[in-house]
Every structure is written in C-alpha cells, then in structure tokens.
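Colleague: Sequence:
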Amino acid sequence: MRELALAAGFDEAHVLSATYDDETGTQREGMPAVIASKPAAPGYPTILLYAHHDVQPTGERKLWQTDPFVATRKGERLYGRGAADDKAGVLLHLAAFRAVREVLGEHFKAGVKLFIEGEEEAGSPSFTSFISTYREQLAADYIIVADSANWRAGIPALTTSLRGVASGDIEVRTGSHAVHSGIFGGPYLDAHTVLARLIATLHTDDGTVAVNGLVRLNDSALEYAEEDFRADSGILDSVSLAGHGPITSRLWHQPAISVIGMDIPSIAESSNTLAALSRARISTRLAPGDTPEHAHQMLAEHLAAHAPFGAEVNYTPVDSGLPFAADTQQEGAQLALAAMRSAWEEEPVQTGMGGSIPFISDLKSVFPESQILITGVEDPDTRAHSANESLYIPDFKCGILAEALMISELCSAK
Numbered sequence: 024m025r026e027l028a029l030a031a032g033f034d035e036a037h038v039l040s041a042t043y044d045d046e047t048g049t050q051r052e053g054m055p056a057v058i059a060s061k062p063a064a065p066g067y068p069t070i071l072l073y074a075h076h077d078v079q080p081t082g083e084r085k086l087w088q089t090d091p092f093v094a095t096r097k098g099e100r101l102y103g104r105g106a107a108d109d110k111a112g113v114l115l116h117l118a119a120f121r122a123v124r125e126v127l128g129e130h131f132k133a134g135v136k137l138f139i140e141g142e143e144e145a146g147s148p149s150f151t152s153f154i155s156t157y158r159e160q161l162a163a164d165y166i167i168v169a170d171s172a173n174w175r176a177g178i179p180a181l182t183t184s185l186r187g188v189a190s191g192d193i194e195v196r197t198g199s200h201a202v203h204s205g206i207f208g209g210p211y212l213d214a215h216t217v218l219a220r221l222i223a224t225l226h227t228d229d230g231t232v233a234v235n236g237l238v239r240l241n242d243s244a245l246e247y248a249e250e251d252f253r254a255d256s257g258i259l260d261s262v263s264l265a266g267h268g269p270i271t272s273r274l275w276h277q278p279a280i281s282v283i284g285m286d287i288p289s290i291a292e293s294s295n296t297l298a299a300l301s302r303a304r305i306s307t308r309l310a311p312g313d314t315p316e317h318a319h320q321m322l323a324e325h326l327a328a329h330a331p332f333g334a335e336v337n338y339t340p341v342d343s344g345l346p347f348a349a350d351t352q353q354e355g356a357q358l359a360l361a362a363m364r365s366a367w368e369e370e371p372v373q374t375g376m377g378g379s380i381p382f383i384s385d386l387k388s389v390f391p392e393s394q395i396l397i398t399g400v401e402d403p404d405t406r407a408h409s410a411n412e413s414l415y416i417p418d419f420k421c422g423i424l425a426e427a428l429m430i431s432e433l434c435s436a437k
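Take the sequence shown: its letters are residues 24 to 437, numbered as in the working numbering.
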C-alpha cells in the first residue's frame, strides 16, 4: 500500500501503528495503517482521504459464482470479496489523486493526505488511539470517507446521516441448573422460551420498536418504493414489512432492534433438557440525535420491566457507536454534490445510511473543525458482506472523476 501511494505521486508515505487497550484491559498493537501526504501550498486547504483495505470473510465458498479472491468481470460489474467494500475506495482515492497531479502539475496547490487502515471490518479497535497519536499527520480541512453507497447504480449519493449502534447481551436465568424436560416440563418454562418471550416485547405487533425513550425522527425527503426495497433486500413476498411511515425514515431515522446471536444448543446437540440460562445479543440502531449511553439505559429498563414469569434478566452493553448528521450547507458538502453532478451528469441525492460507521464519531471528536464527507461506490446490487460481492464499474469511474473534480476545485479555494 505504501508503494502504491508513492507510485500515485504522494510525496511521502509511512506504515504506522498504535497501541490500544482491548476489552480485558490488555495493551495490544493495532494493525498497521498507511499515511501518505502531499503538503498544501500556503493558504490552501488540505483534504484527508480515508478507506480501508481489509474485507469480510467469504462465508460459504459454494455460494460464490466466481473465485472471491480473483477479480472477475461480468458485464458492467466486477466480482470479488472487497471489490466494492472497500478496496474500490482505496483505488478511487489513488486514481483521483493521480489524475489531479497529472493534470494540474505545479498548479496542484491543495494538500492531500491518504489514510488507509486494515481494521474496519473488525471494528477498528485501534482507530481512536491511532488518529490521536498521529493527529498532526492526519489533520485536514475536509475528510472524505469512501465507504458508503450510491442511491442506485448510475445515481450518485452523498451520505448525510448515519444511524448509531448500541449492541448488548441479554441474559435470562430461570433456575440454578438445567433439569429433565419430561420430569419438570409444564409448570417450568425453559430459559430459551422465556428469552424468546422477552425478545418479543421489544417490538409491537406491527414490528415497531416498543422500547420507550429512543429518539425517533420522521424527516425523509426520499421515497423508497416498497417493491424496490423488497427486491433489494430479498425479503419474501409473504412477509410484511415492519413498522410504519416512509421506508427511508424507518431505515435511516428510526431505531431498529435485531437479534444477531444466541447462545443455545444446535438442533444436532439438543437434548431433553430445560435450560436454566439463555443468552442473546441484540443490535440496536439509533436515530441521529440519540446516544448509545441513553439507548443502553432505555433497553435495560425495558428488559427489566418486561421480565417474563419473574425470571432474572441482565443486560450488558457490548458495543457503541454514535449517530452522525452532516451540515449539508457547508462548503464541503456543496462542492461534493456539484462534483457528483458533473461526473455522473445526474442529480445527486442526499441519503442516510441505516448502518453505522462508528469511527466517524472518533473523527468528529479528534478533528471537530473538519468537514466530513461520506461517499462511496456501492449500490443496492453490491452485496457487500455477502457472497458474490460486486462493483458497478461505470459508477467507479464516475466516483474517481467526482473526487478528482472536488480536489481540483479546492486547488482554487485559497
């Protein structure tokens, strides 16, 4: 990666790392990251370009139609693990920088810094420590994070809001030890059943989140047709959508609670036993304006108040990430939208993202004066984190052009 940055024309590039404390308090060395830079001329702004090179595991290889680690072009799409998330972001930054350097030459006055890390898919455990340690090397007026998606293939988007996340473990205990289901079953409900009943209280009958106190917004100017959502998500025709209101509002501006893991025996390992202990991990997505600390408190209070049959219930926070809302009237957002408009020759849209990019809050904390712009080249057909991940090549080309145009514009913004 360092060699690629130097080949693209950066003046210098370094492989660096930082230590961090893991969940046990043990100090560990983070994975190496690359910082490259080209200094700004006096009076000109600096842009920091972020992307990550690490990828998700492939999952079941038999589900892939191509080798996940051999980039394979089929029509206008390039298939492979990381083709879009987020190796495309890495190459987009390098290509845009190289293009501006070649075209402007000595008139390339803006400063550009490149930050490529390899821990994003694992939660970027050393991210906060890294950007604090190397704050001076990373400081910039604008930060472009190329790790998001366009509205549609061929329709560019600037991501202006992100939901936060508050994940935690629910533990239900119904007895001191497991017992025989035939001897005690009937008057004694097993912990797995009690946990299932408790989880069911997190939503109303129509699927709306039932936890009081969580922030809920309804401001969504974009329409997302139900048939498009169904096609993009793969939800069965017979399954009703949860909640109410515009789909984009439900995706971007309202909380969502999902069960993402359970500690229960597999069917193959099942036995005639009434479990006395059961656990599940839930992931709660938070609307902009909420905080993980507040959400964890609301969840703990709800679960304690709805404990079925007097079971012992404990909720333990596991992971947290703040929501994000951009000021779209700032110069950076306006420049980005104008560059997209020119590159795609289509009107860009301002979208939210139902998912979270937890390190965005770290960037805002360490660089409070920087304008953060979230872009990307994924689309609804990308299938990031799934089998047959792919990149829509025309959007990749337009993304390079848009970023190059924005950097070029900042070269005249003295």
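Just so you know, these hints were derived from the structure itself, not from any lab. Among the clues, some could well be false.
Said to hold, decoys possible - Listed below are the simulated DSSO-like cross-link pairs for lysine-lysine, each with C-alpha atoms no more than 27 Å apart in a straight line: (1) K387 - K97; (2) K97 - K420; (3) K97 - K110; (4) K97 - K85; (5) K110 - K85; (6) K387 - K132; (7) K85 - K387; (8) K420 - K85.
Computed from a prediction, not measured in an experiment: that's the story for all the values here.
Colleague: Tell me, which hint numbers fail for this structure?
Modeller: 1, 7 and 8
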